[in-house]
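The opening position of the sequence shown corresponds to residue 884 in the numbering used here, with each subsequent residue numbered one higher.
Rather than coming from a laboratory, the hints here were simulated on the basis of the structure. Please read these numbers as outputs of a predicted model, since none were measured by experiment. Check the hints yourself; a few may be wrong.
So the derived label-pair ranges between C-beta atoms look like this [stated by the list, open to error]: (1) Q895 x V920: 15 to 21 angstroms; (2) H945 x K916: 15 to 21 angstroms; (3) D974 x I922: 18 to 24 angstroms; (4) E929 x G902: 30 to 36 angstroms; (5) L912 x I886: 17 to 23 angstroms.
Below are the DMTMM-like pairs computed for lysine to aspartate or glutamate, each with C-alpha atoms no more than 20 angstroms apart in a straight line [stated by the list, open to error]: (6) K931 x D963; (7) K942 x D925; (8) K931 x E905.
The beta-carbon is built from N, C-alpha and C at its ideal position, and this holds for glycine as well.
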Amino acid sequence: TLIRLTETCPHQIAARSDGIAELMKTHLLSKPKQNAVKIDNDKQDEMKRMICRCLVAMKGMHTHERLPKINELYEMVVKDFATVLTEVKGDGNA
């Protein structure tokens with residue numbers, strides 16, 4: 884997973900961080916369809932939690948200062964998804 888890769892090869896993740904950040908942002912900002920069933924909403928919520936876990940792991944990399952797109956996305960998550968981020972940090976899984 885991406886979280887493990889941040890620990891084992893942070894420089895390779897840093898080299899691809901712009902693309903990763905764009906994909907994460909797309910998933911974070913997507914909304915489930917209006918006629919979505921509960922399982923679709925649950926999948927969307929789990930995707931948001933997983934993205935927050937990955938962002939926390941990427942912020943922990945020693946190269947995170949040089950990742951402007953990741954830092955920008957993290958600031959957006961802090962502002963717009965604070966409850967999810969707090970939940971993820973409280974889990975201790977990140």
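Hints versus structure:
no.: 1; hint: Q895 x V920: 15 to 21 angstroms; result: violated (38 angstroms)
no.: 2; hint: H945 x K916: 15 to 21 angstroms; result: violated (41 angstroms)
no.: 3; hint: D974 x I922: 18 to 24 angstroms; result: holds (22 angstroms)
no.: 4; hint: E929 x G902: 30 to 36 angstroms; result: violated (22 angstroms)
no.: 5; hint: L912 x I886: 17 to 23 angstroms; result: holds (21 angstroms)
no.: 6; hint: K931 x D963; result: holds (11 angstroms)
no.: 7; hint: K942 x D925; result: violated (26 angstroms)
no.: 8; hint: K931 x E905; result: holds (14 angstroms)
Going down the numbered hints, you'll see the structure goes against 1, 2, 4 and 7, while the others check out.
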